[in-house]
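Asker: If you want the building blocks of each chain, they are given just below.
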Amino acid sequence: MPEFLSWLVEPLTYSFMQRSLLAAVLVGIVCALVGTYIVLRGMAFFGDALAHAILPGVAAGYLVGGGTYLTVFWWALGAAVLASLGIGAVSRGTRLREDTAIGIIFAGTFALGIAMISSIRSYAVDLSHFLFGNVLGVSNSDLLLTAGFGLLVIVVIVAFYKEFMVLSFDPVLAATLRLPRRWLENLLLVLIAIAIVVALQTVGVALMVAMLVTPAATAFLLTKRLPRMMTLAALIAALSGIIGLYLSFYIGIASGAAIVLTCTAIFLLVWLGQTLKTNSQN
Amino acid sequence: MDFRKIGLMIFGFAAFLLSACAAQDEPSWKIGVVATTNIVGDVVAQIGGEHVELTVMLPVDADPHSFQPTPQDLVAVENADIVFVNGLDLEEFLAEMVENVGGEDNIVSVSEEVATIEFSGGHDDHEEGEEHDDHEEGEEHEEHEHSGADPHVWMDPNNVKIWTDNIATALSTSDPDNAATYVANAEAYNLELDELDEWAQSELAQLASENRVLVTDHEALGYFAEHYGFEIIGTILPGSSTLAEPSASELAALEDLVVDFGVPAIFVGTTVNPNLAQRVADDTGVQLVPLYTGSLSDADGPAATYLEMMRYNVGAIVEALQ
Ligand SMILES: [Zn+2]
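For the protein sequence lines, the chains are A and B, in the order given.
Oh and the first sequence: position 66 is 134 in our numbering, straight run, nothing missing.
Oh and the second sequence: position 31 is 46 in our numbering, straight run, nothing missing.
Since the hints were derived computationally from the structure, they do not count as laboratory data.
Possibly wrong hints are sitting among the right ones.
If you anchor each label on the Cβ, the simulated ranges turn out as follows [unchecked claim]:
id : chain 1 : residue 1 : chain 2 : residue 2 : range
1  : A       : 70        : B       : 85        : 50 to 60 Å
2  : B       : 163       : A       : 75        : 32 to 42 Å
3  : A       : 139       : B       : 68        : 51 to 61 Å
4  : B       : 313       : A       : 81        : 37 to 47 Å
5  : B       : 113       : A       : 73        : 41 to 51 Å
6  : A       : 345       : B       : 133       : 51 to 61 Å
7  : B       : 330       : A       : 212       : 34 to 44 Å
8  : A       : 292       : B       : 258       : 43 to 53 Å
9  : A       : 253       : B       : 68        : 22 to 32 Å
The beta-carbon is built from N, C-alpha and C at its ideal position, and this holds for glycine as well.
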């Protein structure tokens, strides 16, 4: 057993691995909690679109702050909140279906971001970090920021737990209870925006949607009860973060991809297990 | 619609275009030259002087590995008499650009004839390489697609003397009338390069042999290390391009090397995102030292010309490793 133990401990002797593991677990939990609502409400496309739509914010943040993560963070958050509210406004204001509105805003803002980056033309806006993340480069202050916003998301979800549940499971009841539906939906959009910006450094835009939906979808296969689903999703996401980074450490593959692949593997395993179970019951 | 008015407008516009063309054919003809990096551009300017109309494609601090030209750049390349490039795949956009502008007959690689070194990958081609074998970081590097000749030839002034010859030859071919000037300028600049080399040798002689170790952002200092007798212990980004990311295992191996060798500093170029290098420096408690490797500074910075850039780098390296 000591050999296995040293195998487990060795990565922890590097402080960048400690920070990366903490970041991956934190981000995993936040994304999984928010992701539960995304899965229940069928908003996966919205999540993916929103992740792309923060590019102009990222570019502006780099321009203003010269590459400090904090500035980029705030600008990206601003862009995400604007884009998510903009999607709602376009779909309500034009009688277009929501996915059409998402497509318009998503492509438009992403193009704006690329145009901004192409005008800067130095390393400063590092498109590959934006697309694929850079969890190994997480600093202590990045971690604090991630933890702070993660906590905020969790507090809001706990505070509005009942309202969000009614909104997600029973729109009719929500109407009879006269819940402020528009307001709650916007709040949820803001929460998704925060989760995306928090996860930006860990997995990047290209793999973001996996962090949002895969752990929650896996949990959805296992239970239909919301609190259990949220706990399971958070556990699966945290575990995927840890396993993924160990894979990156021992096999030498890109960290963000390793984390997402682990999420996907767990989903496939659970799905296979479920299928076998139903087949043997029949 | 008044067709006469439209006809008049078209006529007027055509006349304007004709006069504009005529104005361009002024007698004081200059060779239209495009240079990719501002380092190549500086050397071209030293040799071409007032006889060339020089456009530098990459802005200050742009990374030549990941740079993407704009349509304006392609127009400039298409219209240029000569396009000077570093070559050796430094400019990864080059192949596509050549295709876009339809042919490479005006493209001159200034590094032609330079005795290249393979970028080290697993340090196998350095005699000092054996020490690293136990850190098993070599294998992953070799399968990187940019294996082959290290393009950062300008970090050894003797290679830039080959540049000056190539540039003088190309300019003389385009503009035989001023050939003597180009050759004379090249010879004068070669003397300055010799002076730079001698100065660098004597400055770097202050460093004891155990301090002659370099950790850099990517493999930008291979020629510098070979010429001045340094060993490159490792790089943050694997390989001689900036387009690859290290995995967790590579980063861990690098931190081990920095600690094992007691390296006092990590050197980062101004064209590379220093984020990861900063983390490694913090974790291992060493200094992060900026160098100019892929781009000059702007005109009022400390590295506005190639000669100033090399002097700045040598000064910074001596100070950091003393
Ligand atoms: Zn380079």
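Asker: Hint by hint, work out which the structure violates, then give me just those numbers in ascending order.
Answerer: Of the numbered hints given earlier, those the structure breaks are 3, 5, 9, listed in rising order.
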